[in-house]
Amino acid sequence: SQTIHQWPATLVQPVGSPLSLECTVEGTSNPNLYWYRQAAGRGLQLLFYSVGIGQISSEVPQNLSASRPQDRQFILSSKKLLLSDSGFYLCAWENSGRAKNIQYFGAGTRLSVL
Amino acid sequence: QKEVEQDPGPLSVPEGAIVSLNCTYSNSAFQYFMWYRQYSRKGPELLMYTYSSGNKEDGRFTAQVDKSSKYISLFIRDSQPSDSATYLCAMSAGDYKLSFGAGTTVTVRA
Chain X
10 SQTIHQWPAT LVQPVGSPLS LECTVEGTSN PNLYWYRQAA GRGLQLLFYS
60 VGIGQISSEV PQNLSASRPQ DRQFILSSKK LLLSDSGFYL CAWENSGRAK
110 NIQYFGAGTR LSVL
Chain G
29 QKEVEQDPGP LSVPEGAIVS LNCTYSNSAF QYFMWYRQYS RKGPELLMYT
79 YSSGNKEDGR FTAQVDKSSK YISLFIRDSQ PSDSATYLCA MSAGDYKLSF
129 GAGTTVTVRA
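Sequence order for the protein chains is X and G. Here my numbering is used: the first residue of the first sequence is 10, the next is one more, and so on. Here my numbering is used: the first residue of the second sequence is 29, the next is one more, and so on.
Next comes chain X alone, as it looks inside the complex (with noise of 0.2 angstroms):
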């Protein structure tokens, strides 16, 4: 069966410090990979999805960057955070061929930046 992995769960951070939040998945090859940030009663936001290693669309012009260096490892990257950008990030996953649109989601990254 097929598996998210999303790390670390919480992380608070200084502003204007770096940050990398790590997603990966198993149990499935070539998936599509997407970054969302959830604010409170907001919904969900597409930030970033990727198609394959390498490829990445995004969605949101911002203070962060997306990475995907291998088939089931995507990487959500900033080199100095504001404020804003405190939230709630979820990763998720999508098989690429059968079920289109399903997408499968981690446990999620809660950042505080101070």
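It should be emphasised that the hints constitute simulated quantities derived from the structure, not laboratory data. Incorrect hints may have been included.
Derived DSBU-like pairs: lysine-lysine, alpha-carbon spacing no greater than 35 angstroms straight-line [said to hold, decoys possible]:
#1 X:Lys89 to G:Lys98
#2 X:Lys88 to G:Lys30
#3 G:Lys70 to X:Lys88
From the structure, some residues in chain G lie toward chain X, with a derived Cβ separation under 8 angstroms [said to hold, decoys possible]:
#4 Pro72
#5 Tyr77
#6 Gly122
#7 Gly131
#8 Thr135
#9 Ala138
The beta-carbon is built from N, C-alpha and C at its ideal position, and this holds for glycine as well.
Model the placement of chain G on the given structure of chain X, informed by the hints.
Same frame as chain X, but now just chain G:
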């Protein structure tokens, strides 16, 4: 206007009641419809998935889609305290993007 509007709630119901959750959408290209359940401080968990108008049942859960009215619903029968969570509707036109509602928080009182 948001692409997806979800009744904001919150909803508080007694155990055993029927919970009714609703979303409306404006994009007529949406053809895949999902409901996710999210417990506090956890990631969303897929509950129901459908791509056609009509009803789909899974245990105590029924998903309803009316494409002509651009309206979807989720019904929870015989609600339990363990159903207390935030419910998110999501939909897609078949590309890579899911559009989500803002979520409705449900509390089932024992």
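Going down the list of hints, with the structure as the test:
no.	hint	result
1	X:Lys89 to G:Lys98	violated (42 angstroms)
2	X:Lys88 to G:Lys30	holds (32 angstroms)
3	G:Lys70 to X:Lys88	holds (26 angstroms)
4	Pro72	holds (5 angstroms)
5	Tyr77	holds (6 angstroms)
6	Gly122	holds (6 angstroms)
7	Gly131	holds (6 angstroms)
8	Thr135	violated (16 angstroms)
9	Ala138	violated (26 angstroms)
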